[in-house]
Amino acid sequence: MGKPKAKVDREKCLACGGCISVCPQDALSWYGSKALVDDEKCISCAICIRICPVGAISGEVY
Amino acid sequence: MKYDVVVVGAGPAGCVTARFAAENGAKVLIIERRSEVGVPVLCGEGISRKIDEWDMLEGDRWIAGRMDGARIYSPDGTMVKLSADLAGNETGYVVYRDIFDQELARRAVKAGVKIMMNTMAIGLLKDNDKITGVKAKQFDEEVDIEADLVVGTDGVESKIGQWAGIETRLNPKDLETCAQYTLTNVECTDAYCDFYLGREIAPGGYIWVFPKGKDTANVGIGILASLSESGMAKQLLDRFIANDPRFKNSEPIRFLAGAAPVANPVETVRDNLILVGDAARHVDAITGGGLTCCLEGGKIAGETIGKAVEEQDFSKEMLSAYETGWKEAFGKKLKRNYLVKEIMLDFDDKTLNMLADSLKDYKFEGISTLRLIKALVLKHPTLLMKLRHLMKVSKEAKE
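Order-wise, the sequence lines are chains C and X.
Heads up: the first sequence at position 32 corresponds to 32 in the working numbering, and the numbers run straight through without jumps.
Heads up: the second sequence at position 88 corresponds to 88 in the working numbering, and the numbers run straight through without jumps.
Note that these hints are calculated values from the structure, not bench results.
No experiment lies behind these values; they were computed from the predicted model shown.
Be careful, since some hints might not be right.
Stated by the list, open to error - Keeping only pairs whose Cα atoms sit at most 27 Å apart, straight-line, the calculated DSSO-like set for lysine-lysine is:
hint, chain 1, residue 1, chain 2, residue 2
1, C, 5, X, 173
2, X, 110, X, 126
3, X, 50, C, 41
4, X, 137, X, 50
5, X, 50, X, 248
6, C, 34, X, 135
7, C, 12, X, 126
8, C, 41, X, 137
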């Protein structure tokens, strides 16, 4: 089983862009006015999960 | 269709840059990924009275409240009061950011700027290594927008700089992660902006209460991203509101998240490229405020672009007048306040209480950072070691 990858809850995301600005892998970008993780690029560092002010990002094992 | 300039992002930095570029003869297009300029609001909505001098906003529809001053509370509740003369430099007005942004956009359009909505930049157009425009997506359709100059005003999450090879990615210690309610039926009786400091209250940041007209207020929090856990900003804010009697009968009419870079500015010009505003990390690292830099920097950028178009020279050398200009206008202040942020992060609650206690009766007349530091060091000589470097920078910044 792989490490958990970041996943954005599109209902909770308020589109502040914080996660996009800190992702060390450039794995986050806008998709339909919400943040979206490219799980090919995600390295499971969890930085985006910790910095989300509203807890909209969690780890999910694929 | 080819433009002289394509501006990515219709926030304050984008609209002001576009307006002054157009007024100086440039053919300008702004692309905006959202479907309404200024919406959603992602901001505490406090701004300096300095904007009065710049004549960039007409009327007063964008003003929610004029502030009489600010109060800063240390962790034990010791209050330091700043009069309007002093606090006005940071929090002179509380504004409606959606109307504020739309007013700046209106002025840009009046100057001849075109706007394309629902259009997101997905890359730079390049001819060999030369930047020749922006690759964008409007709804599902890809469009190539050719331009001699690309302006990155795409905010904290900026990609334009990175695509041009400028490292804009933020370290979590250089980002404030924020949440804010607009509460109504609050009991805030005067026009003061309140700030609450402390490790338990808001680690590496602060909670703010900005009154917004009659019985409504923005109550928000920013915490340093490196000290954050998932959802922590919202949790701490909820706790603060639940324990404050002013908000006992209040209800939220808006909830938003935000992210403010509190980093050192990056390189802002390359051949055929300029960065302005949050994208350039032009934010006061102490307050997290960036609006004045957007307006002041945007004007300098726009005027520089006008000259570049006139001479048909979009080289880094030509555009460097912008970098020189913003460094002159606010570069030293940004540098100094970044240092202050770094120093303040080391302060525990006891130190903050001690500082507030020393300052609570301080006569804040003709305040300057340098004088303030001198007054503090006289009372607390051990601070001297920490602050020595800052004093040097303050002397350079002459503020």
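Evaluated hints:
no.: 1; hint: 5(C) x 173(X); verdict: 22 Å, holds
no.: 2; hint: 110(X) x 126(X); verdict: 31 Å, violated
no.: 3; hint: 50(X) x 41(C); verdict: 44 Å, violated
no.: 4; hint: 137(X) x 50(X); verdict: 37 Å, violated
no.: 5; hint: 50(X) x 248(X); verdict: 35 Å, violated
no.: 6; hint: 34(C) x 135(X); verdict: 20 Å, holds
no.: 7; hint: 12(C) x 126(X); verdict: 37 Å, violated
no.: 8; hint: 41(C) x 137(X); verdict: 22 Å, holds
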